[in-house]
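Residue numbers (this note's numbering), protein chains in the order written: chain V, 2 to 88; chain F, 52 to 291.
Source of the hints: derived by calculation from the structure; they are not laboratory data. Keep in mind that this is a model prediction, so the values were computed, not measured. No residue lacks a Cβ here, since even glycine has one placed at the ideal position from N, Cα and C. Watch out, some of these pointers could steer you wrong.
As the list claims (entries may be wrong) - Calculated cross-link-like contacts (lysine-lysine; reagent style DSSO-like; alpha-carbon spacing at most 30 Å): (1) V:Lys44 / V:Lys5; (2) V:Lys28 / F:Lys201; (3) F:Lys263 / F:Lys253; (4) F:Lys182 / F:Lys94; (5) F:Lys78 / F:Lys94; (6) V:Lys34 / F:Lys201; (7) F:Lys167 / V:Lys37; (8) F:Lys253 / V:Lys37; (9) V:Lys44 / F:Lys94; (10) V:Lys28 / F:Lys130.
Stated by the list, open to error - Simulated coverage check for chain F against chain V, where a stretch passes if three residues somewhere in it have a Cβ under 8 Å from a Cβ of chain V: (11) 52-58; (12) 253-263.
Listed below are the residues making up each chain.
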Amino acid sequence: MKLKYMFETVEIDDEIVCVPIGEGTEKLHGVLKLNKTGYDIIKELENEITIEEIVSRLSSKYDTDCHIISKYVSQTIEQLRSFGIID
Amino acid sequence: MCTVTISIADRCVGINAVYPQTLRLCKLYQVNKRADFSVRTGKQEIETEYREFLYTHPNEMTSEVLIESSVLLRKIAEKMLDYDTFLLHGAAIAVNDLGYMFVAKSGTGKTTHIQKWLKKVPDAYIVNGDKPFIISGNCVKVCGSPWCGKERLGCNEIVPLKSVIFMERSESNYIRQISFSEAFPLLLGQVHRPKEAEKIKKTIHLLMMLSKSISFYHFKCNNYKDECFETAYNTLIGNK
Numbered sequence: 002m003k004l005k006y007m008f009e010t011v012e013i014d015d016e017i018v019c020v021p022i023g024e025g026t027e028k029l030h031g032v033l034k035l036n037k038t039g040y041d042i043i044k045e046l047e048n049e050i051t052i053e054e055i056v057s058r059l060s061s062k063y064d065t066d067c068h069i070i071s072k073y074v075s076q077t078i079e080q081l082r083s084f085g086i087i088d
Numbered sequence: 052m053c054t055v056t057i058s059i060a061d062r063c064v065g066i067n068a069v070y071p072q073t074l075r076l077c078k079l080y081q082v083n084k085r086a087d088f089s090v091r092t093g094k095q096e097i098e099t100e101y102r103e104f105l106y107t108h109p110n111e112m113t114s115e116v117l118i119e120s121s122v123l124l125r126k127i128a129e130k131m132l133d134y135d136t137f138l139l140h141g142a143a144i145a146v147n148d149l150g151y152m153f154v155a156k157s158g159t160g161k162t163t164h165i166q167k168w169l170k171k172v173p174d175a176y177i178v179n180g181d182k183p184f185i186i187s188g189n190c191v192k193v194c195g196s197p198w199c200g201k202e203r204l205g206c207n208e209i210v211p212l213k214s215v216i217f218m219e220r221s222e223s224n225y226i227r228q229i230s231f232s233e234a235f236p237l238l239l240g241q242v243h244r245p246k247e248a249e250k251i252k253k254t255i256h257l258l259m260m261l262s263k264s265i266s267f268y269h270f271k272c273n274n275y276k277d278e279c280f281e282t283a284y285n286t287l288i289g290n291k
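Could you put together the complete structure from these sequences and hints?
Shown next as structure tokens:
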């Protein structure tokens, strides 16, 4: 899976805001507001990747148990999928 | 082709139009100066957009002149980004030479509301009733232009922008200040968004600059109730 659209990212008041650009400008209405971990997930999705690979990379990055990361990643992916942002 | 140079948002813009009626809209802004840049339309381009409009808006009226005007505005808006200037949908009013811009979807009541300001505030005037240009930077300014809505409310003035007020229809009147974090998605919803990725990135960057000097408000408004003007005025200007 990967992101369907490109995003431009800005930081506002400690929040990371992703604005759809290119084709996403017409297809998506609104912006994504993310915390740091959510943004890390979005960055991983810029290229074709599996959930297991995302979990593995973020577990290493944050030195956290895979089980904890896995639940968060799965929830985030489902939410992004419901917005129509990823394949 | 008909040609004119106009001055808008501190820039001189050369316009080459097919229909002379289009240029009559620009009469108040005409100057005899060299253009910073030029935009042009073509008959085929207008005809294509006219057919597209009729297809996508089967119940609405338009004309080739209106389509040409819209095409010119879009081309100017996209070029203006090079001058740190963007187009925002809303009605801007000036009080004591400071601009207050009411932003909302069409039909919310922006024009109705600012007309109450004209009646109640001496020396208030409308800068642009529909789509003003905003010059971004350390001092943000709101600018009049020929593209000021079907009621033709506006004038050839540029004033510093003090506040942006996002309007929403409501049963009661209530206004509160909001953070830039709340305001940003609302601004994006009403700003002219080019299709090219680099231009939308530039637009986003220009919007971000507003956070430094502009106050943002969310205004739940009922124009049918008398206190709607006082609710907004007392918060935005009051005794400051």
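Hint check:
1. The suggested pairing of Lys44 (chain V) with Lys5 (chain V) holds, with an alpha-carbon distance near 13 Å, which does not exceed 30 Å.
2. At roughly 29 Å between alpha-carbon atoms, Lys28 (chain V) and Lys201 (chain F) fall within 30 Å of each other, so this suggested pair holds.
3. Simply put, Lys263 (chain F) and Lys253 (chain F) have alpha-carbon atoms about 17 Å apart, close enough for the 30 Å limit, and the pair holds.
4. Proximity of Lys182 (chain F) to Lys94 (chain F) is assessed by CA-CA distance (about 25 Å); at most 30 Å being required, the pair is judged to hold.
5. Straight-line distance between C-alpha atoms of Lys78 (chain F) and Lys94 (chain F) comes to about 22 Å, which keeps the hinted pair within the 30 Å bound.
6. A hinted pair counts as satisfied when its Cα atoms are at most 30 Å apart, and Lys34 (chain V) with Lys201 (chain F) does not qualify at roughly 36 Å.
7. Between Lys167 (chain F) and Lys37 (chain V) the CA atoms are separated by roughly 45 Å; this puts the pair beyond 30 Å, and the hint is violated.
8. Among the hinted pairs, Lys253 (chain F) with Lys37 (chain V) is consistent with the structure: their alpha-carbon atoms are about 24 Å apart, no more than 30 Å.
9. With a C-alpha separation of about 45 Å, the suggested pairing of Lys44 (chain V) with Lys94 (chain F) is violated against the 30 Å cut-off.
10. Proposed proximity of Lys28 (chain V) and Lys130 (chain F) is supported: the alpha carbons are some 24 Å apart, at most 30 Å.
11. With 0 residues carrying a beta carbon less than 8 Å from a beta carbon of chain V, the region 52-58 of chain F misses the three-residue requirement, and the given coverage is violated.
12. Closer than 8 Å: that is the beta-carbon criterion, and the region 253-263 of chain F has 3 residues meeting it against chain V, so the requirement of 3 holds.
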